[in-house]
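Undergrad: Here is what each chain is made of, one letter per residue.
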Amino acid sequence: MKKLIAAAVVAAASFGLVTGASAGTLDNVKAKGQLVCGANPGTAGFGVPDEKGNWTGLDVDYCRAIAAAIFNDPTKVKFVPLSSKDRFTALASGEVDVLIRNSTWTMSRETTLGVIWAGINFYDGQGFLVNKKLGVKSATDLDGATICVQQGTTTELNLADYFRATGKKYQVVTFGTSEEAVKAYDTGRCDAYTTDRSGLAADRLSMSKPDDHIILPEIISKEPLGPLVRQGDDQWLNLVKWVHYGLLVAEEDGITKANVDEKAKSDDPELKRVLGTDGKFGESLGLSNAWLVQIVKAVGNYGEIFERNVGPNTPLQLARASNALWNKGGLQYAPPIR
Amino acid sequence: MSIQANAKHQDPKVVFYNDPKIRSLFFQCFLLIAFLALFYFAYDNTVANLKKRNIAQGFAFWNVEAGFDISQTLIPYSAASSYGRAFWVGLLNTLLVSGLSIFFATIIGVVIGVLRLSKNWVVSRLAALYIEVFRNVPLLLVLYFWYGAVLSNLPEPRDSIAIPGDIWLNSRGLLVPRPVMLDQFWVVSLSVLLAVLAGIAVHRHARRKQAETGERLPAGWISTLLIVGVPLAVYFAVGQPLGLDLPVKGRFNINGGLNLAPELVAMVVGLSTYTAAFIAEAVRAGVVAVSKGQTEAAHSLGLTDGQTLRLVVMPQALRVIVPPLNSEFLSLTKNSSLGVSIGYPDLVNVFTGTVLNQTGQAVEMVSVTMLVYLTFSLLTSAFMNWFNTRVALVER
Amino acid sequence: MTDATSLSFVRSAVIPEQRPPHRVSGPLVWMRENLFSSLLNTVLTIVFLGVVGWVLPGFIRFVLLTPVWVASSSKDCSADLLQHPVGACWGFIDAHFGYLFYGQYPAGERWRVNLFYALEALGIVWILLPKAPFKSAGLAFFFLLFPVIGFVLLSGMPIIGLSTVQTHYWGGFLVTIVISTVGIVASLPIGVVLALGRRSAMPIARLVSVIMIEFVRGVPLITVLFMANVMFPLFVPDGWRPDSLLRVLVGVGFFSAAYMAEAVRGGLQAIPRGQYEAAQALGLGYWQMMIKIILPQALKIVIPNIVNNFIGLFKDTTLVAIVGIFDFLRTIQASLSDPNWRSGQMPLAAYLFAAFVYFIFCYGMARYSLSMERRLQTGNRH
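Chains as they are written, first to last, in our numbering: chain A, 1 to 338; chain B, 339 to 734; chain C, 735 to 1116.
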């Protein structure tokens, strides 16, 4: 084993499979020349690759935004597809630099898994997808149903809580990956499939007959989803956090992909700070001062990312709702860049 | 002897670093240090990494409420039970699926093995085809096949296939009536126990009688009659104390009865059809290993075909069959860990799957799981040693 | 001397012609003896032929006569939409062929994978074919040169004009082959060392080897893979970031080495003591004795076992799917989950194809192992 590991490590190191670094994540990322981003391999609108390996989705655009902030090049991202089972281990073990994969922010995950959330890029809640022909109108009708769920998620725990709290009976079938769970539901193994409602909207589209399925009105949990990083590297945490806030601030200030160059010339003190013509906000993050310009040029602001991937004009047809800016009745609120 | 003594005498002339003993000692010390260093390296890194990432350590989680449900539980379990309880649920599920699969795999394997030996060309070719097909495809594929291509194509619950005897078959599994033991059932259980004991006594008596007088009693028939007949008589005498919980169609599912989930059925069918091919080969090798002269000698002593098989061929064939059979059973048990791939809640699925994910404690989960399987394999080799000493050829 | 002819019996008359003996060969006799020799046999024959007659036509119709060869989604294979019964949807395999055999490997670079397959085939034929020339060169090629060439070829080296292709683009059959090749290339030398350690006179070396071998053989591969996947990163310093495929390769190599060690040990035990003693009498040291005398003989007689181990390894590579590596079977599963292709009858065709691919390789190796076994048996006969 000793020889094996030593030989493998030497061989791998010489070919760059093992990247050694004791410095911070940002330096490490800069040295590698790319960001390694843990992504969802199978939720349309959030993260999904096509057969040629082109990734799309809201979470995926967040990865690109971080890459744009660091390298001024949104393509310098390596996406590592992770199942919900493997994701935290992959982040904690250093396989990925940042995990943006519809991961729910919970207290126990932060206190025991060695990870820390940088923000909430999507406010979600758990719901149920059922086949219309069962005639179920509400989750209260699900007494005695068989429900498919994905392993290693808060969903699995919320489901148990919900049925415990309402005193109803159900039969759970747990699968290792969401695609297996969805396939099992689609082939009739279960009466209902449960996950975050954003995921349900995407999964409904992937049914063989999408129109046969409806999402029940109940929301049984709070699912704040967001990007997360390893604990113990505050510089990196700050960077990811402010990329998220930067996207929100950009939307709030009306900075879009189309008008960002024009806005950068503005004399407005807020815009000057935000877009880096005044102050050294970017440098304090270890980036260039035009960091937010780079981001918005690459992926647009939060609103644009949302509209492009999951908004009403996409197959998912999700309304902004809780994800609208705070001044438009939503929960998305960024501290000021000042 | 004298040469060795001479060599010893000349030892001092060898330079110390060429002395085999010193070399060996040095090499072993080096190996030990390297081994320990490697362990320390891994241990030190692990502790440092866990600390840095603020990942919990130790077995405090064992009594913490699990909060998730498991689809198949042999002991009472709910989301309010502890992670420790979830471990036992997973372990029992592993044992259940292994036990059932071993039972069916042995039956199928022996039948196929015997058919493979048949002089009938068609029969032996078809048995060979079965063996070759299953030995040369991955088990995972066999499981996917049964689960994904066969069982998931069964009708939905509302269109369940009804099998006479209140049995239903649908994509949610196989539903059979569940026997419910009523108050007086202990009497029947007791009678079974007594009948078995009586059967053993009959066998002993028959053997002693044969040794003394040479007269053979039909002990097999008598004990079968005892073991089957007495409990049946008692069962009816105390008023049939066994109820049946019949499956009944409900809104979503068929409720009640005993539901054998498709995951369990696919695991049992997959594991037993796959392992049967290996068992068949072991059986064939064992029977072939008994030389034909043994059969001929037995016949010439006037033993019937049945007696030849039972008293001469089988005892010798078993000596060859049991060791590989045993290792097949062990690898079947280890293979049951593939349950995770089709959602069967076995130990690996529940413990290194869900529990590992909820707690994040990789080291503890993987170690405990490995320890469980190591225990299985130690028990198996202990049994093998016992068996080998028991059946070893006594050479005179 | 007496007259010999008067004592012995000598036929003096020609015996009359007799009828030819009853036929003892020919198809009818063969059938009588093999298929209908007893009542039980007759019943078995009829039942089994009945089963064959019932299954086989349907199978052939499904596989060869009524399948859909080209399709762009499961709709093209749907009996409801086509309004006539259809067999296997081979169009599914056709549509996903690139994905199943190359994963997401960039389309323009797939010649590299093909070259890799070709070199691999060359290496295997070279070392396995008993009559192939320059055996030791073949061994050196397969165990030393090929791993390096293969790695450079697949992973790329910008200096010589091969663009880098990261391992997460590798997938499908390519990954299956890579894992089983690394498994065999790594496990044989380590297995030999462990086997020698287990038979060593040095107690500590023996102890270490026995612990490793029995530990690995006592646990399922899947737990070793979990260990490689979730524990290995914790064992190394924080900065090292082992690639996910690399971790699995370490796990697989480690696992198959233990089984290889047991196969090699069998060979070592089969070598007569005289060989060891003769080598020692010639004044050879331990390593000289092992490398020049014992191992060449021991390894030769366990070739069948090594090949059988390799078959097991080849089948076990499917388990890497459970730790998130996209091997051949996993890419089939993933393609089946594709909503465009999700339909009830699709899995049957897909799994039949997978079974066919695995069977071809495993059965080929099994036949080879069997023929080597026969060859070696005659070779060793005294």
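Warning: the hint list may mix true and false statements.
[Claimed, not checked] Simulated crosslink set (EDC-like; lysine to aspartate or glutamate; CA at most 16 Å straight-line): (1) K587/B / D143/A; (2) K137/A / D212/A; (3) K272/A / E283/A; (4) K78/A / D977/C; (5) K169/A / D141/A; (6) K32/A / E996/C; (7) K390/B / D234/A; (8) K133/A / E494/B; (9) K209/A / D1072/C; (10) K257/A / E307/A; (11) K209/A / E854/C; (12) K809/C / E996/C; (13) K133/A / D212/A; (14) K30/A / D73/A; (15) K272/A / D261/A; (16) K389/B / D141/A; (17) K133/A / D643/B; (18) K1034/C / D1072/C; (19) K209/A / D233/A; (20) K132/A / E494/B; (21) K390/B / D161/A; (22) K265/A / D253/A; (23) K457/B / E767/C; (24) K390/B / E110/A; (25) K389/B / D73/A.
[Claimed, not checked] Coverage of chain B stretches by chain C, computed from C-beta distances (three or more under 8 Å per stretch; other residues unrestricted): (26) 571-578; (27) 621-630; (28) 692-702.
[Stated by the list, open to error] Chain B residues, not near chain A, derived (Cβ > 10 Å throughout): (29) N356; (30) D382; (31) L388; (32) R391; (33) I408; (34) V452; (35) D521; (36) H543; (37) G567; (38) V678.
Simulated from the structure, these hints should not be mistaken for lab results.
From the three backbone atoms N, C-alpha and C, an ideal C-beta is built for every residue, glycine too.
Undergrad: For each hint given before, does the structure comply? Return the numbers of the non-compliant ones in rising order.
TA: 6, 11, 12, 16, 17, 18, 19, 21, 25, 26, 27, 31, 32, 33 and 38
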